[in-house]
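A.B. asks: Starting from the structure of chain A, add chain B where the hints point.
Listed below are the residues making up each chain.
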Amino acid sequence: GDSVTQMEGPVTLSEEAFLTINCTYTATGYPSLFWYVQYPGEGLQLLLKATKADDKGSNKGFEATYRKETTSFHLEKGSVQVSDSAVYFCALKGFQAGTALIFGKGTTLSVSS
Amino acid sequence: NAGVTQTPKFQVLKTGQSMTLQCAQDMNHNSMYWYRQDPGMGLRLIYYSASEGTTDKGEVPNGYNVSRLNKREFSLRLESAAPSQTSVYFCASGVRDGSYGYTFGSGTRLTVV
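Residue numbers (the working numbering), protein chains in the order written: chain A, 1 to 113; chain B, 1 to 113.
In isolation and in its complexed conformation, chain A is listed as follows:
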C-alpha cells in the first residue's frame, strides 16, 4: 500500500541555518503530496502542497518539489527562525477516490537563537 517515510528527528539548528527535511513516498499512480506543520499544543496546519510531478509548493519561505523520478518531496528553507520550531509532517493522498491522507511519523525541528 501507499506509504510515507520521513527523516527521524529531532533536527536542531541555529537561527539562519539552512533546513532540509527528507521525505520519500511509495504510491501507485500520481498522488498529491503535502507538508503540514504542528506547533506545540495545536492542530496541524497545511504548509504547502504539490499535486503533480515537478510542481513546487511554497509558503512562508519553505519549499518542496514533487520529484516523481526519486519519489521524493523534501522540505527546505534557506534561513530558519526560532518561530519555525515545530513538528513537520509529510503526507500523501493517493489518486484513488475515497482514500485518506497518509502521514509520515513527523520530524521535530528545534531552532535556537
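Since the hints were derived computationally from the structure, they do not count as laboratory data.
Errors might be hidden in some of the hints.
What the hints assert, rightly or not - Label pairs and their in silico Cβ distance ranges:
hint, chain 1, residue 1, chain 2, residue 2, range
1, A, E69, B, E52, 38 to 44 Å
2, B, M27, A, R67, 29 to 35 Å
3, B, G40, A, G98, 27 to 33 Å
4, B, E59, A, S58, 29 to 35 Å
5, B, S80, A, S79, 48 to 54 Å
6, B, K57, A, K68, 35 to 41 Å
7, A, E63, B, G53, 38 to 44 Å
8, B, T15, A, S79, 46 to 52 Å
What the hints assert, rightly or not - Once the Cα atoms are required to be at most 27 Å apart in a straight line, the calculated BS3-like pairs of lysine-lysine come out as:
hint, chain 1, residue 1, chain 2, residue 2
9, B, K57, A, K105
10, A, K77, A, K60
11, B, K57, B, K9
12, A, K105, B, K9
In this text, all values refer to a predicted model and were calculated from it rather than measured experimentally.
Just so it is clear, CB atoms sit at the ideal spot from N, CA and C, and this is done for glycine as well.
C.D. replies: Showing chain B alone in chain A's frame:
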C-alpha cells in the same frame, strides 16, 4: 470563520467508561476524518467519511465507532475505553475527497486510567 471545532479539549476517563468526541465544520466540506496521534507514530487514521451518509474504517478502527450525523458533524465514540486509547485525537475535513488537503481541529487530549 471557526473551521473545524472539536469538543472537549481534554478528557480523563476510567477504563470501561464510554464517551463521544464531537467534531463540526462550517466550511461545507464533503469529507471528514478522525486521526489519533501518538508519540513516534505520527497520525493514524481511525475512520473517515468521504461524503454525508458514508463511513469507512481506517488503519486503527478497533474500539471505536463513528456517526456522520449530517454534512457538518462527524462524531467518534469509544464504547468501553481502554488505556491503549490514551492519545490525542484530531478531526479533519476536506473539500471533495481531500485531494487539496485537510483542515484540522485543535485536538482532544484523552487519558484513560
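A.B. asks: Look at each hint and say if it fits the structure.
C.D. replies: Hints and how they fare:
| no. | hint | verdict |
| --- | --- | --- |
| 1 | A:E69 to B:E52: 38 to 44 Å | holds, 40 Å |
| 2 | B:M27 to A:R67: 29 to 35 Å | holds, 31 Å |
| 3 | B:G40 to A:G98: 27 to 33 Å | holds, 29 Å |
| 4 | B:E59 to A:S58: 29 to 35 Å | holds, 30 Å |
| 5 | B:S80 to A:S79: 48 to 54 Å | holds, 51 Å |
| 6 | B:K57 to A:K68: 35 to 41 Å | violated, 30 Å |
| 7 | A:E63 to B:G53: 38 to 44 Å | holds, 40 Å |
| 8 | B:T15 to A:S79: 46 to 52 Å | holds, 49 Å |
| 9 | B:K57 to A:K105 | holds, 20 Å |
| 10 | A:K77 to A:K60 | holds, 9 Å |
| 11 | B:K57 to B:K9 | holds, 24 Å |
| 12 | A:K105 to B:K9 | holds, 23 Å |
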